[in-house]
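Novice: If you read the protein sequences in the order shown, they are chains A and B.
Per the working numbering, residue 200 is the first one in the first sequence, and the count goes up by one each step.
Per the working numbering, residue 164 is the first one in the second sequence, and the count goes up by one each step.
The hints are simulated quantities; they were obtained by calculation from the structure and are not laboratory data.
Here a beta-carbon is modelled for each residue, glycine too, at the ideal position from N, C-alpha and C.
One or more of the hints may lead you astray.
[Said to hold, decoys possible] Per the computed footprint, the stretches of chain B lying under chain A, defined by three or more beta-carbons under 8 angstroms from a beta-carbon of chain A, are:
| no. | stretch |
| --- | --- |
| 1 | 560 to 571 |
| 2 | 575 to 587 |
[Stated by the list, open to error] Across the chosen pairs, the derived CB separations fall in these ranges:
| no. | chain 1 | residue 1 | chain 2 | residue 2 | range |
| --- | --- | --- | --- | --- | --- |
| 3 | B | L582 | A | E313 | 20 to 30 angstroms |
| 4 | A | E451 | B | S554 | 49 to 59 angstroms |
| 5 | B | R286 | A | E345 | 50 to 60 angstroms |
| 6 | B | H607 | A | S394 | 37 to 47 angstroms |
| 7 | A | K407 | B | H607 | 41 to 51 angstroms |
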Amino acid sequence: MSLLEIRNLHASVAGKEILRGIDLTINPGEVHAVMGPNGAGKSTLSAILTGNPQYEVTEGEIIYKGKDLLAMKPEQRAWEGIFLSFQYPVEIPGVSMVNFMRSAVNAQREYRGEAALSATEFLKLMREKRAVVQLDNKLANRSVNEGFSGGEKKRNEIFQMAMLEPTLSILDETDSGLDVDALRIVSDGVNRLKSAERSSIVITHYQKLLEYVQPQFVHIVYKGRIVKNGGPELGDRIFAEGFDWIKQELGE
Amino acid sequence: MSPETQYIDLFHGQRALIDEHSAPALNAHRDRAAEVLANVGLQRGKDASHVDPAEVLAKDYSLNLARYEVPTERDDIFTCAVPEMSTNMHFLVNEQYVSLRDENRVAAVPDGCYVGSLREFARQRPDVIGRYYNQLAGRRTDTGDVRSKQYEACSLGESALNTMLCQDGFVLYVAAGVQMERPVQLINLLRAVEDFMAVQRLLVIVEDGAKASLLVCDHASRLNEEAHLLSLQTTEVFVGRGATLDFYSLEEHHDLATRLGQLYVRQQGASNVAIGQYSLTVGQTRNRVHVELVEPDAQLQLYGMATLDADQQLDNITFIDHKAPNCSSNELFKYVLDDRAKGSFLGRILVRQGSDKTDAHQTDRNLCLTPEARMVARPELEIYADDVKCSHGATVGQLDQQALFYMRTRGIPEEEARLLLMFAFMGDVIDGIRLEPLRDRLKHLVEKRFRGQLNHCKGCAVSR
Ligand SMILES: Nc1ncnc2c1ncn2[C@@H]1O[C@H](COP(=O)(O)OP(=O)(O)OP(=O)(O)O)[C@@H](O)[C@H]1O
Ligand SMILES: [Mg+2]
Numbered sequence: 200m201s202l203l204e205i206r207n208l209h210a211s212v213a214g215k216e217i218l219r220g221i222d223l224t225i226n227p228g229e230v231h232a233v234m235g236p237n238g239a240g241k242s243t244l245s246a247i248l249t250g251n252p253q254y255e256v257t258e259g260e261i262i263y264k265g266k267d268l269l270a271m272k273p274e275q276r277a278w279e280g281i282f283l284s285f286q287y288p289v290e291i292p293g294v295s296m297v298n299f300m301r302s303a304v305n306a307q308r309e310y311r312g313e314a315a316l317s318a319t320e321f322l323k324l325m326r327e328k329r330a331v332v333q334l335d336n337k338l339a340n341r342s343v344n345e346g347f348s349g350g351e352k353k354r355n356e357i358f359q360m361a362m363l364e365p366t367l368s369i370l371d372e373t374d375s376g377l378d379v380d381a382l383r384i385v386s387d388g389v390n391r392l393k394s395a396e397r398s399s400i401v402i403t404h405y406q407k408l409l410e411y412v413q414p415q416f417v418h419i420v421y422k423g424r425i426v427k428n429g430g431p432e433l434g435d436r437i438f439a440e441g442f443d444w445i446k447q448e449l450g451e
Numbered sequence: 164m165s166p167e168t169q170y171i172d173l174f175h176g177q178r179a180l181i182d183e184h185s186a187p188a189l190n191a192h193r194d195r196a197a198e199v200l201a202n203v204g205l206q207r208g209k210d211a212s213h214v215d216p217a218e219v220l221a222k223d224y225s226l227n228l229a230r231y232e233v234p235t236e237r238d239d240i241f242t243c244a245v246p247e248m249s250t251n252m253h254f255l256v257n258e259q260y261v262s263l264r265d266e267n268r269v270a271a272v273p274d275g276c277y278v279g280s281l282r283e284f285a286r287q288r289p290d291v292i293g294r295y296y297n298q299l300a301g302r303r304t305d306t307g308d309v310r311s312k313q314y315e316a317c318s319l320g321e322s323a324l325n326t327m328l329c330q331d332g333f334v335l336y337v338a339a340g341v342q343m344e345r346p347v348q349l350i351n352l353l354r355a356v357e358d359f360m361a362v363q364r365l366l367v368i369v370e371d372g373a374k375a376s377l378l379v380c381d382h383a384s385r386l387n388e389e390a391h392l393l394s395l396q397t398t399e400v401f402v403g404r405g406a407t408l409d410f411y412s413l414e415e416h417h418d419l420a421t422r423l424g425q426l427y428v429r430q431q432g433a434s435n436v437a438i439g440q441y442s443l444t445v446g447q448t449r450n451r452v453h454v455e456l457v458e459p460d461a462q463l464q465l466y467g468m469a470t471l472d473a474d475q476q477l478d479n480i481t482f483i484d485h486k487a488p489n490c491s492s493n494e495l496f497k498y499v500l501d502d503r504a505k506g507s508f509l510g511r512i513l514v515r516q517g518s519d520k521t522d523a524h525q526t527d528r529n530l531c532l533t534p535e536a537r538m539v540a541r542p543e544l545e546i547y548a549d550d551v552k553c554s555h556g557a558t559v560g561q562l563d564q565q566a567l568f569y570m571r572t573r574g575i576p577e578e579e580a581r582l583l584l585m586f587a588f589m590g591d592v593i594d595g596i597r598l599e600p601l602r603d604r605l606k607h608l609v610e611k612r613f614r615g616q617l618n619h620c621k622g623c624a625v626s627r
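Just chain A, with the same shape it has in the complex (with noise of 0.2 angstroms):
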């Protein structure tokens, strides 16, 4: 059985369409790249993918682990395992990062039936992933992604997703904005998670992270449709030469 099927879906935000008409299926152990031009409807997915309010389906269903995955509430959606690396990770002045994390990890145990972990076991955790990715220990101690640097924010999303160990992972544009070394921390970071069970959609627009996380399906999201599927070899084409031939292919 596949992990998550879209189809034919069709969304818009303050009205306007956005998404019109994508069909995609992940089956468990799968890495996807998402790839397409800025405005394409990429992150516009994952809105939708996690259950944004601010977006509005119109037609077309996704099923996800054999379920509806539309009527579910984002938090379900989380404890279900899937997983948002936001392309702007959001500011919570005030909520400190243990509180944060401490509240997202036992409300998922909750959902499976197993007990809230103990003060010092989840400091333990804490410390176990966040050597993962190498965050700073003040970073954890501060309020969520207040006054994080672009690159800390990102490596702060790999960090709560190691936490979280999703079954699906939606990692949207967590490379730009990463030095050399970091891009490679978060790399592993996400390789670690990889399983039989496991599967990834990676949105970028660049080579180096599909070089490290090697995806065996590639996607061409343009104008809120998918028009291209291919293997790795369709990336490699977009990094040499841009979107272009696609439009043109599109008789555009």
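Following the hints, put chain B with the ligands in place on chain A, whose structure we already have.
Specialist: Same frame as chain A, but now just chain B with the ligands:
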């Protein structure tokens, strides 16, 4: 008949009884107060506040002028203090000071100081009362401008009514140079089975170089589902040269309780005062705060917090009067309003001519959780001095929807996420509390309040 006339008539009719159960030093102020009340009246002023004192006082409340003892059971007098905070607890049941025979609860008072009943103190020390009592609440100050006069007038009538009828209350008197390390806690309990008005009077005197902290907790019991309780509460605070005072007030009233509070503070040179008004639950409350910094180098921190829901109404009307150079004031008020709650913050800062190098900052931030909740924010800053650092700002907003969504994508349930955001919003106004045990306790109480777990009407949450 207007409520003013009604109470003035009552006063003239019951004069002997009122005097008999009070003290000469307090009685001496009644006639003048009756005159002021007749002249000024109960004014809301032309402001945008919600609670109208004239309307509140139009109700026919009974009073306890003959000072019948209020039956108070052992359990009503709360059993334990804020952990590690204070064993120094005092009680007013309605307006009457209740002395506790339990010696363990009331710490020894340092020599030359006094903590206890206003009536007793007025009998023992008429000299001190003469110097301080009604010196702030009973007069119009010398501000020339119209707006300031309006700010003053809107509490003058209520305080005059208080002075006219007040028979007892609470005094904290700290003699020059005495450092009272242990905080004093006063619990004000409203308790009646019928519509009732308690005329409460508080007097706090911290003389030159002395130091004290006071926590006042306002409660209303609910003995009867219909009884409306009113606390008419006038507080005068004098802080001498180089003296330090922390004054915290925590209100937990219920929907049938009304509070008309007027707090007057006079700070002398190089004094340091922190005031915190924490309104956890209210019925209808109107708090007036008037602080004068009369000599150089005085410092004031005035903080306020409110968590309102249902049909609760709260007005905070503050007036900080900078009358001397080199003083600083830092004012911060925060409200969270849910359901159909109504709040107002009317904050005036006046920096008078000659008050050079004043440092005055005012911030008012509010969260309305529903479209029905209403908040009025009116910051006012007027400066007639040179070389000052002043700022003011007010905002009324909603919870950050982006932050809420972000948290939910991490699996934090919506309710919990809202709670974390509301709690974060209150962070700085709670962290500003200088008494550490109170700060911790209040964090806990505010969290409970947001979770809807705070018992609105029974007992003292601070003390449990
Ligand atoms: N909240 C919103 N309100 C109005 N328009 C929006 C909103 N969110 C997205 N859009 C519009 O939808 C279109 C698709 O945006 P989206 O963010 O999905 O693009 P993207 O493919 O992620 O682009 P990029 O590569 O630049 O991140 C854009 O034209 C954008 O302006
Ligand atoms: Mg995007």
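Novice: Compare the structure with each hint and give your call.
Specialist: Each hint, compared with the structure:
no.: 1; hint: 560 to 571; verdict: holds (count 8)
no.: 2; hint: 575 to 587; verdict: holds (count 9)
no.: 3; hint: L582(B) with E313(A): 20 to 30 angstroms; verdict: holds (22 angstroms)
no.: 4; hint: E451(A) with S554(B): 49 to 59 angstroms; verdict: holds (54 angstroms)
no.: 5; hint: R286(B) with E345(A): 50 to 60 angstroms; verdict: holds (57 angstroms)
no.: 6; hint: H607(B) with S394(A): 37 to 47 angstroms; verdict: holds (42 angstroms)
no.: 7; hint: K407(A) with H607(B): 41 to 51 angstroms; verdict: holds (49 angstroms)
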